[in-house]
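One letter stands for each residue in the lines below.
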Amino acid sequence: MLFDANARLGNAPSRQDGEPSGTEDIIALMDAFNVKKAVVYHAVAQFSDIMLGNSLLARETGGSDRFLLQWAVLPPLWELYPRPCEWIKMMRENGVVSVRIFPKQYGHSLRRYAAAELFDALGEAGMPVFVEYSELRDADALYDLCRDYPETNFVLCSPGYRCLRQIVPIMDSCDNLYMETSNLFMHNGLAEFCRYQGAGRLLFGSGMPTASLAAAASQLLLSDLSRAEKEAVASGNLKKLLGEAYL
Amino acid sequence: MIGDNVLSGEPFRGVDIFDIHAHIHQTSDFQMLDTTPDDVVKTMDALGISGACVSSITSIHSDCRLGNELMLDAVKRHSGRLYGYVVVSPHDTDVDLSRYFEYPGILGLKVHAAFHRTTIDDPGYIPFWEFADGRSLPVLFHAWEAADSVCIAKLAERYRCAKFIIGHGAVRIKEVRREAVNAVRRFENVWADTTISLSPDGTIEDAAAKLGADRLCYGSDIPFYDCRHVLGKVATSRLSDAEKEKILGQNARRILFQNE
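As given, the protein sequences belong to chains A and B, one line each in that order. Per the numbering used here, the very first residue in the first sequence carries number 1; after that it's consecutive. Per the numbering used here, the very first residue in the second sequence carries number 1001; after that it's consecutive.
Hints were generated in silico from the structure; no laboratory data involved. Heads up, the beta-carbon is just placed ideally off N, CA and C, and yes, glycines get one too. Incorrect hints may have been included.
[Stated by the list, open to error] Chain B stretches covered by chain A per the calculated footprint, using a threshold of three residues with CB under 8 Å from any CB of chain A:
no. : stretch
1   : 1056-1069
2   : 1090-1097
3   : 1129-1139
4   : 1150-1163
5   : 1187-1199
6   : 1228-1240
[Unchecked claim] Which stretches of chain A does chain B cover? Using the computed rule of at least three CB atoms under 8 Å from a CB of chain B, they are:
no. : stretch
7   : 147-153
8   : 210-222
Using the sequences provided together with the hints, build the complete structure.
In structure tokens:
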């Protein structure tokens, strides 16, 4: 059984031919590949309006227990957005147990002078922060993020098949960094990664709808990982990170 | 049904899988894993892949002739599992291609114009097109841009006996795919492969619908990419078993082995 750590609902500015659209398509794919639950954020929160996008999640998932809602968040700016403590309260009231940031898309700093209140509060609340590699300036920015906020867990999403030389040293240095597997498509990458780094910080993810659940699931299920390693990557690590109680 | 094994993690059985777009060796650009011919064959064994036609990344990224020699050695050592493309470069036209084709496991030419810092319409390639045309050989292209497929269509029109395979193009972004589809639909001597690192679910079905299952071939780009992900996408797609069999192996064998 799989838990998908990285899926998106809603409409992005563009889509590819054949790409699934809508919550029903996503659920059909989840059913086909035995995905019990998926962490989902909303395209509107990514590309236009963070508060609107977050609110759309609940509406479009209709309270389904197949989805683990993930809100996008921003560092404080005047009174334009909730203070981090207010945001966390709202998220708890709405069953949200993880957040996602888009520092490149939204053009905000990750440094302590700008974001300490946000990331420290999320760390204290035990809410992991998901971020795509393409949203970061470079690997050094990821390293700085993990080191600047050591009490906060970060999940690097869609790291890409070219990432090993950048990411492995950071994972060696930073216990608070996890990696999601969509687009981690180097040959035998999962097996070699687990061999050297252990399976404890890899989270299965699809990257739907722009990436393929079929591809991600096939890579994991057909890999040379042991049964225990497959279970950890497939769902166990995400359950631990988010807290079993919420799942 | 083909693909039912994926959920249980079992290898493929009872279906002939032939990878029309594979490599051996490595590049300095990023860290690749398990890149030797032995590594590639080991993965093929683990998954139930019958054969793969490979080119050397050394040929593409640095020394064309050295890589081709290493490829030839690998094909000889893994006879019946690995087959070979000779990489050709317009910067090195003084090469005796016929020598490679004395060995039956060498099946075609591979063109990666971008890494050779040129384009497919470079006149330096003309002797190679003529060679392929004269022997009815397949030519596999790295076709990442829409313009690549436009060039390939022109070649297909001129060199009717050669067989042109558009690598990547049919499963890339919309505008690239459009030109790849145009080329395949216009000319009977053009095919496309499934090789891509990142594309949505539904891509394979969409490509098969637009090209026809007879004109799409399974290719993985191993060891740049893990072959499992595209293999799984094809095998678990909503296509019929008959269509999957064509894409996974039958089409490749028809294109590559016609001359044997």
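*For which of the previously enumerated hints does the structure constitute a violation, in increasing order of number?*
1, 2, 3, 4 and 7
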